[in-house]
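Here's the letter readout for the chains.
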Amino acid sequence: MKYLDKETFLHRLDPRTKILAGLMVAILIVVLRNPPGLFMLFGAVLVLFGILRPAGSTIKAMTIIMLTTLIFTMTSQGFFYAREPRTVIFTILSPATGSLGNITGGIELYREGIIYGALQSLRLFSAMLLSAVIVMSTYPSDLLLGMESMGMPQRIGFIITISIRFIPSLAEESKRILLAQRMRGLNVKGVRGWFRAFYRLLPTLIIDSLRNARRIALAAEVRAFTGKRTRLKELNFSMRDWTFLGIFFAGMFMLILYQVVWS
Amino acid sequence: MIALDSFTYTYPGANCPALQDVSLKVKPGEVVLIRGASGSGKTTLLYCLNGLIPHVFAGTFCGSVQLNGFVPSDVPLHDIARKVGTVFQNPESQIFMMRVEDDVAFGCENLCLPGEEIGRRRDESLRFMGLWDIRRKETFKLSGGYKQRLAVSSIFAMQPDIFLFDEPTTDLDSEGREDFIGIIRKLKEKGKTVILVEHQYEDYLPLMDKIIDMEGGRIAKHDASAKKSPPARRALGLSEPPAIALKNIRFGYDRQADVLNDINVMIRRGEFVAFCGNNGSGKTTLLKVMSGIFRPRRGDITILNIDKPALESLVGRVGFLFQNPDEQLFAATVEKEIVFGPACLHRKTNVDKYLEIAGLQAKRFNHPQTISRGQRQILAVISIMAMEPEIIILDEPTTGLDDTAWHKLIALLYDYVDCGGTVVFSTHNEKAAAFAGRKITMYRGRIVSDEISR
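Chains B and V, in that order, are what the protein sequence lines are.
Oh and the first sequence: position 8 is 8 in the numbering used here, straight run, nothing missing.
Oh and the second sequence: position 215 is 215 in the numbering used here, straight run, nothing missing.
Derived from the structure by calculation, the hints contain no laboratory data.
Among the clues, some could well be false.
Simulated crosslink set (DSSO-like; lysine-lysine; CA at most 30 Å straight-line) [stated by the list, open to error]: (1) V/Lys-353 to V/Lys-363; (2) B/Lys-175 to B/Lys-189; (3) V/Lys-210 to B/Lys-175; (4) B/Lys-233 to V/Lys-137; (5) B/Lys-175 to V/Lys-308; (6) V/Lys-348 to B/Lys-233; (7) V/Lys-27 to V/Lys-288; (8) V/Lys-247 to V/Lys-137; (9) V/Lys-308 to B/Lys-189; (10) B/Lys-228 to V/Lys-247; (11) B/Lys-189 to V/Lys-190; (12) B/Lys-175 to V/Lys-336; (13) V/Lys-431 to V/Lys-188; (14) B/Lys-189 to V/Lys-288; (15) V/Lys-210 to V/Lys-431; (16) B/Lys-175 to V/Lys-408; (17) B/Lys-6 to V/Lys-137; (18) V/Lys-192 to B/Lys-175; (19) V/Lys-363 to V/Lys-308; (20) B/Lys-60 to V/Lys-141; (21) V/Lys-25 to V/Lys-186; (22) V/Lys-186 to V/Lys-137; (23) V/Lys-336 to B/Lys-189; (24) V/Lys-348 to B/Lys-175; (25) V/Lys-190 to V/Lys-210; (26) V/Lys-336 to V/Lys-408; (27) B/Lys-2 to V/Lys-431; (28) V/Lys-348 to B/Lys-228; (29) V/Lys-408 to B/Lys-2; (30) V/Lys-336 to B/Lys-233; (31) V/Lys-137 to B/Lys-60; (32) V/Lys-210 to V/Lys-137; (33) V/Lys-192 to B/Lys-228; (34) V/Lys-348 to V/Lys-308; (35) B/Lys-175 to V/Lys-27; (36) V/Lys-210 to V/Lys-186; (37) B/Lys-175 to V/Lys-188; (38) B/Lys-6 to V/Lys-141; (39) V/Lys-141 to B/Lys-175.
My request is simple: use the sequences and hints to build the entire structure.
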């Protein structure tokens with residue numbers, strides 16, 4: 001999941017709008033309990049995901065993850081659902097079959113469990129897809145800028161920026177250290193080998209990172225870094241953002257209203 | 001105007017001063033080169049000018065420093081940064097943002113300038129440094145040369161009058177270095193004051209208004225001392241089968257492009273071979289193919305009589321030194337570091353002998369990461385030699401070393417070759433290549449010349 005350098009409607013939204021929308025979806029996920037409502041929420045998030053026109057590979061990966069999760073939760077909930085009432089739709093081991101049935105309490109598939117599993121995954125997918133939408137449509141530093149303008153201290157924002165910035169370098173470095181270990185005859189095959197390599201890799205990586213951190217600190221000093229900064233990019237909350245949030249809020253209201261009336 | 005008057009500085013906890021009685025005057029718009037061995041005080045001198053001394057490094061000092069009418073110790077560091085910009089050696093650790101244009105704006109944002117002004121300065125700086133076309137590129141994807149250019153651009157946007165460079169091109173290839181001369185020239189034309197610390201300064205000499213030699217923390221009165229020449233070598237035997245034989249080798253990281261294109265080369269036992277060429281010419285890739293790290297897509301490869309060898313079959317017989325020694329030191333003490341390779345291979349080794357060759361007897365029980373940069377490089381090489389490989393392959397072994405460590409390394413490799421070993425190394429340093437018996441030059445994945453000297 002990475003930022004997509006495109007110019008869609010979602011890209012032009014203020015990062016704060018997207019953070020707020022994310023919060024609203026989080027509330028809905030907790031509050032909504034009825035299947036149609038959760039379906040509509042998922043549908044709405046799916047539309048946003050579609051607007052981004054993600055690459056085929058991304059869609060494929062997402063589908064695989066979601067299907068696996070769905071099947072797994074549905075089966076596990078189906079078998080282990082404990083709340084009454086529950087309807088048995090399939091029996092593998094009846095509670096009446098001798099001592100085995102006694103110990104296990106019977107192994108049966110419950111209809112309510114399957115539905116509950118499906119709804120749980122639907123909640124998870126809405127959250128997952130929406131985070132994907134935010135990450136793919138907002139440049140990381142803009143997202144941080146949004147959070148900063150909503151009250152997160154600038155120093156913390158800077159720490160996060162720097163950590164993200166150095167992830168690729170760290171990965172590369174680990175690869176090089178591992179290779180160097182192999183060239184010196186360290187057997188890195190198997191679980192034990194992996195542990196051996198890891199045990200050797202970590203101190204080297206940490207010492208090197210600390211050395212690097214010192215250099216970074218000096219470089220930040222000579223660039224006048226004090227923790228207080230102005231920003232080139234000014235966030236502006238435009239009409240577009242208000243409209244989007246308005247529609248989003250109306251939708252949220254309707255979904256909750258629907259649930260109150262429906263139940 | 002920069003003026004130092006009998007300035008003496010001692011680092012906290014140090015016994016002797018790092019700078020001693022240094023007096024110096026630099027006029028606005030002058031371009032000054034500072035040269036000298038490691039530990040001669042070059043970097044310390046720069047730190048006094050940009051305020052890192054005494055704001056970050058405490059310690060004791062006497063004498064005076066004046067910069068354009070102010071005294072660095074009286075002004076907070078972030079205000080000094082408006083007047084004095086510093087570019088360090090390591091390009092990686094001077095980049096803070098994920099996108100080129102954001103990084104150029106970083107310094108100005110720290111100066112708390114209004115957004116419009118930041119945008120104006122950023123764009124001006126991007127154009128001036130020739131980064132405009134790649135302004136939206138991700139910083140970690142840039143080459144070393146461009147990273148360094150970005151670091152200058154980021155400083156330039158802060159519009160200081162004085163630019164300090166601390167070995168800015170040590171990590172760059174010859175192309176990046178030529179590029180860098182252009183940058184210094186541009187700054188000079190803009191009327192900026194430039195102070196440059198550099199080991200490889202030959203190419204810069206025409207630009208310099210003044211050259212300062214430093215020695216043991218003082219400004220030396222005479223020219224830099226004459227270089228020791230390395231010992232002469234014995235001739236190599238040509239009758240044995242080759243150590244490395246490559247035929248029609250092709251290699252690429254992905255399907256689209258070949259990094260190595262039709263490489264044919266034979267290296268005999270006892271040869272000392274340098275591979276030269278710019279970054280991206282494929283020399284590091286070729287070295288990795290020779291050591292079994294990468295397997296070629298096409299072609300025949302024979303190393304020490306093994307056809308198409310896998311990495312595991314060469315471990316212990318072919319030693320590989322990666323660019324950064326710090327990533328190759330894993331043990332808890334210098335002694336254990338030397339034993340590490342042989343122990344993994346269940347071989348016995350004479351630690352005392354190797355400690356002596358390396359000149360690290362006194363550091364025997366120190367942690368490898370606590371010894372100096374040059375010593376770490378020597379230790380990394382010795383740790384490979386302790387495995388008694390038949391071939392040693394080194395990727396840019398001379399990067400970042402001062403003359404002393406440099407000559408030590410070359411002498412070690414000469415001794416190893418004299419004992420029948422084969423050495424292959426890559427370098428973008430002409431001086432280092434001259435020590436090899438054979439120089440192979442690469443350009444865009446091909447071998448363009450193969451000369452045997454001496």
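Verification of the hints:
{"no.": "1", "hint": "V/Lys-353 to V/Lys-363", "result": "holds, 14 Å"}
{"no.": "2", "hint": "B/Lys-175 to B/Lys-189", "result": "holds, 15 Å"}
{"no.": "3", "hint": "V/Lys-210 to B/Lys-175", "result": "violated, 44 Å"}
{"no.": "4", "hint": "B/Lys-233 to V/Lys-137", "result": "holds, 17 Å"}
{"no.": "5", "hint": "B/Lys-175 to V/Lys-308", "result": "holds, 23 Å"}
{"no.": "6", "hint": "V/Lys-348 to B/Lys-233", "result": "violated, 62 Å"}
{"no.": "7", "hint": "V/Lys-27 to V/Lys-288", "result": "violated, 49 Å"}
{"no.": "8", "hint": "V/Lys-247 to V/Lys-137", "result": "violated, 38 Å"}
{"no.": "9", "hint": "V/Lys-308 to B/Lys-189", "result": "holds, 21 Å"}
{"no.": "10", "hint": "B/Lys-228 to V/Lys-247", "result": "violated, 59 Å"}
{"no.": "11", "hint": "B/Lys-189 to V/Lys-190", "result": "violated, 58 Å"}
{"no.": "12", "hint": "B/Lys-175 to V/Lys-336", "result": "holds, 22 Å"}
{"no.": "13", "hint": "V/Lys-431 to V/Lys-188", "result": "holds, 28 Å"}
{"no.": "14", "hint": "B/Lys-189 to V/Lys-288", "result": "holds, 21 Å"}
{"no.": "15", "hint": "V/Lys-210 to V/Lys-431", "result": "holds, 24 Å"}
{"no.": "16", "hint": "B/Lys-175 to V/Lys-408", "result": "holds, 29 Å"}
{"no.": "17", "hint": "B/Lys-6 to V/Lys-137", "result": "holds, 14 Å"}
{"no.": "18", "hint": "V/Lys-192 to B/Lys-175", "result": "violated, 41 Å"}
{"no.": "19", "hint": "V/Lys-363 to V/Lys-308", "result": "violated, 40 Å"}
{"no.": "20", "hint": "B/Lys-60 to V/Lys-141", "result": "holds, 27 Å"}
{"no.": "21", "hint": "V/Lys-25 to V/Lys-186", "result": "holds, 22 Å"}
{"no.": "22", "hint": "V/Lys-186 to V/Lys-137", "result": "holds, 24 Å"}
{"no.": "23", "hint": "V/Lys-336 to B/Lys-189", "result": "holds, 22 Å"}
{"no.": "24", "hint": "V/Lys-348 to B/Lys-175", "result": "holds, 28 Å"}
{"no.": "25", "hint": "V/Lys-190 to V/Lys-210", "result": "holds, 18 Å"}
{"no.": "26", "hint": "V/Lys-336 to V/Lys-408", "result": "holds, 22 Å"}
{"no.": "27", "hint": "B/Lys-2 to V/Lys-431", "result": "violated, 44 Å"}
{"no.": "28", "hint": "V/Lys-348 to B/Lys-228", "result": "violated, 58 Å"}
{"no.": "29", "hint": "V/Lys-408 to B/Lys-2", "result": "violated, 47 Å"}
{"no.": "30", "hint": "V/Lys-336 to B/Lys-233", "result": "violated, 52 Å"}
{"no.": "31", "hint": "V/Lys-137 to B/Lys-60", "result": "holds, 27 Å"}
{"no.": "32", "hint": "V/Lys-210 to V/Lys-137", "result": "violated, 38 Å"}
{"no.": "33", "hint": "V/Lys-192 to B/Lys-228", "result": "holds, 28 Å"}
{"no.": "34", "hint": "V/Lys-348 to V/Lys-308", "result": "holds, 29 Å"}
{"no.": "35", "hint": "B/Lys-175 to V/Lys-27", "result": "violated, 48 Å"}
{"no.": "36", "hint": "V/Lys-210 to V/Lys-186", "result": "holds, 17 Å"}
{"no.": "37", "hint": "B/Lys-175 to V/Lys-188", "result": "violated, 41 Å"}
{"no.": "38", "hint": "B/Lys-6 to V/Lys-141", "result": "holds, 19 Å"}
{"no.": "39", "hint": "V/Lys-141 to B/Lys-175", "result": "holds, 17 Å"}
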